[in-house]
Each structure stands twice: as C-alpha cells, then as structure tokens.
Amino acid sequence: MKHFLLRVLATLLFLAVPVLGVWTFVKADDWGLWFPPIASSYGASIDFLFYVILWMVTVTFIGTEMLLVWFVFRYSKKDATRATYTHGNHTLEMVWTAIPALLLIFVAFSQMKAWTTVKINFPTDGPYTVEKPLMEVYASQFDWRVRYPDPQGDFAGADVIEVPYDITVPANTKVVFRLKSRDVLHSFFVPVFRLKQDAVPGMEIPMWFEATTPGDYDLICAELCGWGHYKMAGKIHVLPRDEFERWLADQRASLYATD
Amino acid sequence: MSTHAHTATHPAKPLGIDPPGTVHATHDHHELGFIRKYVFSTDHKVIGLQFLFTGLLMLLFGGLMAMAIRWQLAYPWTEMPVLGRLLFPETGGVTTPEGYTMLFTMHGTLMIFFVIIPLLTGTFGNFLIPLMIGAPDMAFPRLNMMGYWFWWPGIACILLSFGAEGGGPAAGWTSYPPLSTIEAAAPGSQWGQNLWLLSLTFVGVSSMMGAINYVTTIVKMRAPGMTFFRMPLSVWALMVAALLQLFALPVLTAATFMQLFDRVFDAGFFTPTGVIINGTSPETLGNAAGGHPLLWQHLFWFYSHPAVYILVVPAMGFVSDILAVHARKPIFGYKPMVYSIAGIAGLGFIVWGHHMFMSGMNPAVGLVFMTATIMIALPSAVKVFNWLGTLWGARIHLTSAMLFALAFVSMFIIGGLSGIWMASTPVDIYIHDTYIIVAHFHYVVFAGSMMAIFAAIYHWFPKMFGRLMNETLGKIHFVGTFITLNGVFYMMHQLGLAGLMRRTADPYAYETYAHLQPINQFISWCAFALLAWQVFFVVNFFGSMFFGKRAGRNPWNACSVEWESPSPPGHGNFDKQLAVHHGPYEYGVPDASRDFVAQTQRAPGLHAHA
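The listed protein sequences derive, respectively, from chains F and A. According to the numbering used here, the residues represented by the first sequence are 1 to 259, in order. According to the numbering used here, the residues represented by the second sequence are 260 to 869, in order.
Calculated directly from the structure, the hints in this document are not laboratory data. Be a bit skeptical, because a hint or two may be false.
Claimed, not checked - Once the Cα atoms are required to be at most 25 Å apart in a straight line, the calculated SDA-like pairs of lysine to any residue come out as: (1) F:K231 x F:F35; (2) F:K235 x A:P356; (3) F:K235 x A:Q776; (4) A:K594 x F:I105; (5) F:K78 x A:G811; (6) F:K77 x A:I742; (7) F:K113 x F:F35; (8) F:K113 x F:P37; (9) F:K77 x A:L732.
Chain A with its partners taken away, still in its complex shape (with noise of 0.2 Å):
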C-alpha cells in the first residue's frame, strides 16, 4: 500500500519545536513500561484512545439519564423499571420532582463536558491532528497528558456530586442563579452546585490545554510542503474549534469562580437585592446581595454560544474528510469551506444574545443579535451546498463510514433549518424553550455530531487499532440508529409547536399539554430502542478491536497523510521522511494510475491547491 516512490528530498524547514515529519522520532523510541506507555502516556495517540474510552463510558452515563428522563415523561409518577432503583432507592423507583430537575441537570452536563466535546476534540484532535499534518506528535507532550488528566478530577467531581447532600446540582446545565446560587432555592443548590462548578472548572483547564497543544502544533509542526491550504478540512475544523477554546474558555472560568465565590463567599455578583426565599431573605441569612441574575447569563452564554459550535465544527470537518474519501471525488469548493468554518466561528462570538431573547435583557439589543444569528445561517448553507457538490457526480461506496457521515449532511440540514426560527426574535417569543428548542439541539449536537463521530470511528479505527471493523454490524447499527433517532426527536417539533415546555417534569396537569402523553410515550418507548440497539455498535467496537480484519496502511485508498504510517502508528508515527506536493482531496484524477493521489505522491501537473 506504500510503496509509491516519492521522491522527497527537501531539506528540512526549520520550523522550529520539533522538527517535523523526521523519521528519528522513531529511532529514539525505547521501550516503557506499562504505566508509562498505556495511562501517563505522552503519546498522542494513546492520549486520544484515552478520551475516547472514557467519552464512549460517560455516553453510557448521559444516555441512562436520558433514559430516566424518557420514562418520567412518558409515565410520570410510577416505578421505573431497572434504572428506578438505584436513582431513586428512598422512593421505590419513582422519580422525585427534584431528581427529574437533576437528571436533565446531569444529562446536558454529562453530555456536552464529557462527551461531545471530548470526543471530538479529546480524541480525534489528539490522535487526527499530528498524523494528519505528518508531524510526529503533539508540541506539547506533557502538557497534553496533563490536559487529559485534568478531566479526571472534573469527572470526579461531576459523580461525585450525586451523593452530595441534597442532592445532585438542579439548575439546569446553563446553572442560571440565583435558583443556583442560593441553597434554600433548591436541594440540589447545596454542595451538589460547588462540585458542579469545581468539576467545569477543571474540564475547561483540560480544554485548555488540549486548545494550546493543538493550535501550536497545527502552526508550527506541519510536515514539508504541508501549507495552511493543503491541510485537511478536519485539521481546519479542529483549529478553528480550538481558537474557539482559547477565547471563550477564560470566561467561563471567570463566571464559574464567580458563581462559586457567591456560593462560598457570599461574593453576590448575581444575586439581586431584596430576594425572598421560603419567607426569609438571604441577606438576613449572610448572602451579599446587589448583583444581577443577567451577568451570570451573558457571561455564561459568551462562552456557551461559541461552545455550542465546538460542538459541530469539528464534525464538519471529519464529515468532509470522509465523504470525499468515500465518495472518491474532491471536495467541492475547498477554500469555500474553510472560509465558512471561520464564518461559522467568528460569527458564534457576536450571538450569544439569542440566548436571551425572553430573558429582560433590553429588547432593542435583541434586534441586533437577531440579525447575526440569522446571518450565521449562511455559512452553514453554504456548507450544506458543497458536500451536495461534493457528492454529484461521485462514486459512492456505501460503507458505514459513509452512511454515517450521509447522515449528518440529512440531519444537520433539519438542524439547521430549525435555527431560523429560533433567530427570529418574534416567533422566539412562543417557541422559546419549548421542545422545538430540544428538537433543534439535539438534531445538530445527537443527530449530527455525535452521527460524525461514528463516522469518525468507523472510518479512523483501522488507522487506531490496525483492524477494520464488521461493515455488516455496522450497516445494521447505522440502520436502527438512523430510524430511531429521527423517531425520538422528529416529533418534538410539534410537541413545541403544541407549546410545550421543556425541563417540566410531569406537563399533563397543564390542560394545555393534556393530550400530548401518547406522542410522548411512542417518543420514550424510540429512545429505549435507540439506546437497546447500540449494542450492535459495542460488540463491533470491541469485537474488531481483536478479531477484525487486519487493515494495512491505506484501506480507504485515501489521499491525506495520516495513511502514510503503519495501522496502528508506531511512537513517532512515521517510519519515513515526508514531504507533500498539494492537496488532501486529489480523487478521481484522470490520468493517474490509481483513482487517487496521495499527498506525499509527487504528480506534476495536477490542479494545484495554492
């Protein structure tokens, strides 16, 4: 599979750090122990496998609560079948009303901390970015074994605050004060919120150095001729992802040290004047007051909005990775989609505001972001437009890869679309936190990244592991994935047309939302599917990791560098010297002797990338 010539002899650019793409990296390599090489490991590939094992078992986690969820609201008040018991033991299996406020607490949290954004930057950032660039590992070994060490006390903290008296934190995952910041407010207000608060403090230190690490190596180690515009898009996503991470992150922090110096210290920078609780005023309790409930929202939002496009960026880029590799044609309009990626983002810095539409924020405010969250549709169509480009005219092979990643192009098209609604400030004033709101984020975040990120595992497991996966097991999870998504989230567009309200735990007393159990119940009864047939993606996982099909360099036949190492890489990842000579998407050329060519493959005369 490797053995076109290439006839590389640049001199090494001195590129500084490291230098790039050499071949030493491989020779310095002695062997480690176990504890060195498997768990305080500084190799990125490792490091990236380790975000993956432990995203995939806290998906585990955030999916049971999603489950507890699911039954409440489609038989709310009765004993939940196996889950009941050990959520809620002091009732026999019934969920509490405060519990239910917990549980959709934990399932926002779990899901956005712990597992999309790990799992698209923990694991394919760390383990695509330097083998994709052709560099040897990351700029900053340690610092990147640090980064993913320092998600572990945040996990910690987030269990933990289960047990915590009072309960697990019950604000919501957008924590709003002063319900969190005052603890007679709610039970979960208690240490529950501490632990909440010190566990996103600690997931954003991670972040940020997963951030530092992967923006530095994307400038400075990129191997010889490997410029800005002949990097694959899901490099660009990733970066743009991580520029994301540095300037929003510091925010958060601050507004979460905030929110804990409220708690702690009675700091009051979000708590009003004048707030009466169960007939006793805080102040008189010790709380400092003269704060303001909206700064906690903007500041919160500031981070959270652009947070919210770390959350679908980096699919983009792994979409379009894959699509043109399975489709076996270039993307379409290359420089387009970096420039859309970039739209995407730097418009995500100026429309935190649609957030807050409802919120008392001055309306005449609102107009302004209502117009920058329009606009930010743009880019995002145009995106759409290119992978349809992309694939006219291809010749698709429908692996499970490709299904995947078709199916993020499907469903973050409805994702997408619901968006417009939610800009426009009018029609926000009905539908705002309402289920079409649910609809809305779960088809861009569940039905389109988390779409990606299967495609992402069946398409880069051979390079990870040296072995395929089952492509029959994987049709098969691919074919009850897509039907029972669409069948839990579809509907709940209507259900917020109908007007009803999210984070209500039992809305059928409201005569308003009396008729709406029975489309609740075929929704519930689509999520406990969706979760049953997920096991058809674990025996597959594992299965292959040990009996798949052995893999080879390049089973894809696909252009970008990382299929230039062997399956799995080696410490170092390359075992040759590199130099690439244009693009990552040369599929389809007509005259060369394969239907592609690789990056590393000299061709003259090729439709150049800048």
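Next up, chain F with everything else stripped away, as it sits in the complex (with noise of 0.2 Å):
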C-alpha cells in the first residue's frame, strides 16, 4: 500500500509537469503574460517563427514527458521477474537521429530570412536609408537622447535637432538610424517592435523599423549599464507621417527662435 501511494504521487508529480506546463502557456495570454501588441512592419514575422517553435517543441515537449510519466507508473510496479534485458537498438537511435536532425535543419533554415530582413538587409527604397539616417540615437548612463541631423542631413551642422528621452519618428515609412553609446554598453529595446540592439562604444550601428500603429511605446534598456540600468527608460512617440513633419518643422522653428 504504502507502495503504491509511493507510485501514484511519483507519478502525478511528473504529470503535472506537461499538464500544469502546457495550461499556463494556455492561459498566459488571459493573465496579461504573453506578447505585448505589434507595432512594426517585421514583428508578425518574427512573432510567427516563435510560435512554429512553439508547436514543434510542445509536441515534443507533451510526447516524452508523457512518456517519462508512462514509464514512471507502469515500470515502478514491484514485480520480481527481471526488467527487459536490452543494450538498445541501432534502428531506433538512427530513427531518432535522423528526424530531429531534419526537423533542426529545417528550423535553422527558416529563420534566416526574417533575420536578414531585420538586420542584415536595411531598406534602400524609402525617404532614408543607412547613408542618410533619419536620426542618431545616443545612448548613455542613463538616458537616451535623439539627434536629428539639419536639412542637408548634416549630424555635425550647428542646426541639429537633439531631444532627450523622447523620440519622435512618423509612422508607416522605412526609419533608418544609427545606433550609439556614450559611455557603456546599452541596448535598444521597444518590445512592440519586436527589436533590440545593443549600442556600443565606439560603433555606429544602423537600424531599422517601419512603425505601423502611430502611439506612444516604451523603450528600455536591455544591457546592464550600471546602478541606474532599471531607470533607463525612454518613449518612442510614433505620428502619422504629415503630422511628424509639421512636428520636425516646429523643432526647427524653436531651435532658431531660441538662438
């Protein structure tokens, strides 16, 4: 008896594990624990790719921890006969072998093209590109700063524009940035963008994103910048293109009023 109280609660301990796991990842959205909105033109793909991970590493996931849970109850019996004498079978290892490994290529090959959208391939077609950025993003202990460059797309001219914290940018167009630090390491971090970089000293690293929604969104710091890391925060104010113009034109008008 005492025996079997031992099996049943071994048993649905480890059941609880693909039971209570695959429940809370159900229920996580209702909780407020899942994905924040989409906001960016390249964040449905990415959101994409992570839930066909989802599907393959749950079945996985379901199928041998069912299967541990199986052979926990069944195998756990008291039974004087012997257990099955075997050293394995080179079938089953080449089998399990060789469909994970296909599976893993599989994987491995459909990232690739949403990475090079995000990172590697930066849009030439749109009002800005990597030669000709928008705006220079700053980062340093701990703030951000945005400096947009003057009308001949001068950063060093005496007409730049510099904001801290807020970073303005209009929606549905190509925004193409640099990405830099002051002092320490940083990282660029707007979760409805599904994008993050870190920013280091002594590069300029390009950026890009196509804001879909127009909006206010939280930009974090995603890289241990010191005491002040969990502070570091900024907002990304997305406007609709014609009024992110007149937005800019008012930044140039104060910037010469108050000269």
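Mind assembling these two chains? They're in different frames, but the hints should get you there.
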C-alpha cells in the first residue's frame, strides 16, 4: 500500500509537469503574460517563427514527458521478474537521430529570412537609408538622446535637433537610424517593434523599423549599464507622417527662435 | 556483498605511472596526522569531500543572494527581512540600486564558479573517477591537493570583494567592459572588480589542475580490462568536461588578465576611444583607449559557453548511471550516449556567438552561430530518447536518488527545448536578455544539474560515509523541492514573453511591466519556500552521516567497480585485485543468479561491450 501511494505520488508529480506546463502557456494571454501588441512591419514575422517553434517544442514536450510519466507509473510496480534485457536498438537510434536532425535543419533555414530582413538588408527605397538616416540615437548612463540632422543630412552642423528621452518618428515609413553609446554598453529595446540592439561605444550600428500604428511606446534599456539601468526608460512617439513633418518643422523653428 | 569469486589472473598491464587496481597501496598506508589526513590530504576521496562541503556552503551563500534578489523583485525598495540589515545596513535593510546589481553579479558568480562546477567536477570528479575505473588514487595526488587549496584564494577574493570600497563587483557575472573596466562607470568597478578578476583566475587555475588530473587518471590508470568502452557514463562525462576545461580555460585566464591589465595598467584592450563617463573622458583620467568591448565578449564566451556544458555534461553522466542502477536495466544505447556527450562538447566550442546576436557583432556571422546552436539540440535529444529507452521495460525502484534523477530528465527536457528559441536569431531579437533566458538556464543548471547533484549525493553517500541517507526524509525533500522549483522558474517563461528584462531592479516603473508584480511575488514566495525546504536535506545529510543505516559495500546492487571497495574505502581504495570483464550496465541479465552481473564478475556469453 505504501509502495502504491509512492508510485501514485511520483506519477502525479511528473504528470503535473506537462499538464500545468501546457496549461500555463494556454492561459498566459488571459493573465497578461504574453507578447505585447505588434507595432512594426516585421514584428509578425518574428512572432510567427516563435509560434512555429512553439508548436514543435510543445509536441516534443508532451510526447517525451508523457512517456516519462507512463514509464514511471508502469514500470515501478513491485515485480519479481527482471527488466527487459536490452542494450539498445540500432534502428531506433538512427530514426531518432535522423528525424530531429531534419527538423532542426528546417528550423535553422526557416529563420534566415526574418533575420536578414531586420538586421542585414536595410531599406534602400524609402526616404531614409543607411547613408542618409533619419536620426542618431545616443545612449548614455542613464538616458536616451535622439539627434535629427540639419536639412542637408549633416549631424555635425549647427542646426541639429537634440531631444532627450523622447524619440519621435513617422508611422508607415521605413525609418533608418544609427545607434551609438557615449559610455558603456546599453541596448535599444522596443518590445512592440520586436526590435533590440546593443549600443556599443566606438561603434555606429545601423538599425531600421517601420512603425505601423501611431502611439507612445516604451523604450527599454536591455543591457546592464550600471546602478541606474532599471530606470533608463525612453519613449517612442509614432506620429502619422504629416504630423511628424509638422513636429519636425516646429522643432526647427523653435531651434532658431531660441538661438 | 563482495563475495563473488573472480578468477582474475590477469598479469598487471604496464599502464605507466602507477600500477592500477593494485593491492599494495592499502598496505603502504601508514597512519597520518589529522592535518595530513583531513586538511592537506592527497587522498582523492578526502579532496572530493572537501569540495562537497565547501561547495554546499557556497550554495547557501549563493542561495541567500537569490533570496535577496527575489525580495527586491517582489517588494521593491522595502525593508528586506532578516538578510536586509546584513547586506544593506546603511539603508536600514532596503536594497540600493547599486546593491541590486552587486547581488545578481555575486549570485551568478558564486553559483557557477563556486557551486555547480566544483560540486560536479571537484566533488564527484575527484571522488568517483579513481573508484569507478578501479584506480588507487589520482595520477597526481599532490597536484590534486593543490587544486583544492588554490580554490581558497578564489573564495577569499570573492568574499573580500563584498567589503571593497564602492562595494562588490556589479557588472554582472559576464563583466562586460567598459562598465567593468572604467572605475567611474559603476561603484562596484573599483577594487571589487579587481578582486572578482583575481578570484576567477584562482578558480581557473584550480579547475585546470583538476582537469589535468582527471584526463591523465582516466587515460593511464584504468584497472586491467577496463577499456574505454567499459567505463561508466559518469567517467566519460567527467573526462569530456575536463577536456572542455583544458581547452577553454586558458582563454578565460588570458581574458581576465587582460581586463585586469586594462584596469590597473590602462592597457586599453577593451576600452574604445572617445568614451565619456560622468562628463569626463577616461582618457583624460589616464585610461588608455583604442580597444574594443566586443573582444572581451568573444573571449569570455569562448570559455563560458563550453563552461555551460561543463555545468551540465557531468550531470548527464551521473543521471545515466543512477537511472540504470535504480531501474535495474542496462543503459539504452551506451555508445550513442558516449558519442552524444562528445557531440555536445565538440559543438559547444563553435556556438559562443549565440550570446552575442544582439551585441553588434556582424549579423551575417550570427547565422553561422545560429545553425551550430540549433544543431546542438540533436545530441541533447538523443540523450533524452536513450534515457526514456532505459526506463522502458525497467523495474524502477523509486528511491530518493532515482526520483531526483528522473526529475533531471523531466526538467532537462524543458531547459533543452526552450533553448531552440534562443538559438533562433530572429526570435532572440525579442527574447534576448528577457526572463525566458533566465528560465532557460535555471531549468538546465538548477532544475537540471542541481537535481542531478542531489541524486548523486543520495546515490553515492553510502560510498562516501559508509551509511545510507534516510529515504523518508529524502522523499520529503524531493517532493517539496520539485514543486517549489517549478513554482519559481516555470512562470519566468511567460514573464519573458511579456518582455520582462533580467537585471532590472525595479521593472514596474515601465508601463510595459507594471502588471507583472503579482506574478513576481508568487515566484518569490516559491523561492523562499524552496530554500526553507532544504532543511530536510541538511538534517538528513548530517544526521545520516552519523546515525544512518550502515551501508555495506554495495547497497544498490550496482555493477560498476566503485561498489567493490569497502564503504567508505580506505587509503588506496581497493582491498583486492580487480579485473574488469564487461561493461558497467549488466542489469536484468536473464540467466544470471542475481539480476545483475558486476563488472569484475566473469560471465561468459554476456552481451559484450566492444
């Protein structure tokens, strides 16, 4: 009896892993523990790849965990006979090596396009390009700063607009910009854009996004940058294209007004 | 227990260094004083136990750091009970922002370099290797002793760094420059960081001495008949982990020295030109420049990714052995198990770049690292399938050791599968440095390796101390640990998907994270319960050492050679001539008189391993 209770307890504990494990993933969205909304053109392709892998690992997870649960229950019976005497099976080894290998190669190749889109192939058809970016984002302990070049595209000129914390960009436009750091490592993370990139002192790293929905979004520092790392918050303001142009013109006007 | 007659008449094979498996060592034994026997001992078993006790003490320190982190995440900027006044006396027990960065830096450093690596390789590498291959001791006993004692300056440095001016190191266990190299960048980047670097250097030297010993011992000192493919998987795993250390550690040592030179002599390996901190350029403060921060990341991860496998590969070996013994069944696919360990280790050297997908490294290189990283899931999957194959048709004894070993398999599946997301470069853009990463490596290292360490302690305790641990307390320990650890780590996956960043002292200031506090409170209370529950282990561990049931030589009816020695084994380990006739997993043998055939037992017609 005592032995039977132990078997049941062990089985239930190991059964709880796949059951609660899957259940929490199903319920996570209701609890607000799921992805924030998407507000960039390529965000959906990143989430899609997450879901492809999610389905693969869920099937594997349930399959392997349930086998474990079943074996723990079935083969822990008090039994005077001996275990099945086998040292393995060559065919099985081949099967469970080859099938995962093919699946994993498929996974690897299916990732490449999204990565290339976000990090390698920068837009060349929009108003902004790597050579002629909309802005420079500067990170330093513990704030973000954005600089818009003068009308000629010069970041060194006198008419450069510099704004702390708040980064204003146009919607539905391919925004190309440079990321820099003044001191230590930081990381530019906008969850709704599905975009992250470390800022490295000594490097100018090109980045791009196309915001699809106007609104105000959190910009979060995602690389430890010192004691104030937790409060290195910024905001991204996405304005409709025409409003953005007006905003930029106002900034220029006020620049001359204060001079 | 040890009465099976073996008719070994093998002449001693000339294996060099020391004739292995010989009896003479026991007779050479003369009484040593207390100091030579228990403090500066050259006996691999004593050194193993020294690593065990020290490692468990450091586990307590690292665990307390974790509790302090969890308090801050549950109730930010409030007075921390019990620990608060010790850690932050100047604020009356409230965590400070720089104190928080110090806490997670120390938690990671302690757990990796002072707990998991020393417990896996220092403790069980030392204790098991000579016993499992039938050798009287390590190849280099004095070097072995030195390996343990070189660990202590490392411990001294890391503990002293708490009291350093400006506070303990606070640049994360990864210590990325320039935060770690420029004093003005962080309070912890003063003497605390120097001590951190010195500490890691000592720990590295200590590990190196151990690794040289393990490989030499395994290659040169196996008992007659103990071919490579008759070694238990624990020995294979420990040898592969030692090889990883041999090849990777020199790079870490070089890197820590470079960072030390940057800090002390302004060498400028990692500090770029033009940095301005607090309005002052470090160049004007005398710091050399012209270096590159990414160089450190490459060097650090070239060591630390293989180190991640050092943190889990030995655990896989122990679990394989424990599963076979307590399931009374041969390990399924012995050779695939060996090859997959080698595969994990080999691929482990070409995947370090996956820590740097977001670092500014050429993104095209990221694709290469991604492919290598995704492929490492293959040997890991093969291992899981073979463990399941071992359980199929078994006669499982649900001992405490077996329950923890089964927990390793169940938890490693989670930690392994979540790794595929991290390997995918596009998905990593979003999840990099979020809590899903924290969940992933705690499932591998805590829920995986730490459970394997518990399993190994319950399993080999009788050999270490000659007494069995209490099974009832062991099962209570298992149930509570298994439930609470999942309470702590499982929901971190979802926190990560919600975008929560690691290393953030007070996330709730962000709109994105404001609603995540209740779930963090739940996690924290599970963590406090997890730590409290370990009292069952502590009581059992020390109680059984003195009052446990006497074990005899082979309490689990296991096949491998360590169970031929007395419990605990005396100096020189074996009191009889050993000869090995077959592999270590002959359980459930159909026509044998008992359900197992020990490795030293001659059994013609037995399925032969190579």
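Given the hint that K235 of chain F pairs with Q776 of chain A, does the C-alpha gap stay at or below 25 Å?
This hinted pair holds, its Cα atoms lying about 22 Å apart.
Is it true that the CA of K231 of chain F sits at most 25 Å from the CA of F35 of chain F?
22 Å, holds
Restraint status (C-alpha distance of K77 of chain F to I742 of chain A at most 25 Å):
24 Å, holds
For the pair we were handed, K77 of chain F and L732 of chain A, check the Cα-Cα distance against 25 Å.
22 Å, holds
Pair hint outcome, K113 of chain F versus F35 of chain F [Cα-Cα no greater than 25 Å]
Holds, at roughly 21 Å.
K113 of chain F and P37 of chain F: Cα distance at most 25 Å?
22 Å, holds
Can the restraint linking K235 of chain F and P356 of chain A be considered satisfied, given a maximum Cα separation of 25 Å?
Since the Cα atoms of K235 of chain F and P356 of chain A sit roughly 22 Å apart, the hinted pair holds (cutoff 25 Å).
Against the 25 Å threshold, does the CA-CA distance of K594 of chain A and I105 of chain F hold or violate the hint?
24 Å, holds
Hint consistency between K78 of chain F and G811 of chain A [alpha-carbon to alpha-carbon, up to 25 Å]:
24 Å, holds
Hint compliance for this structure: no hint is broken.
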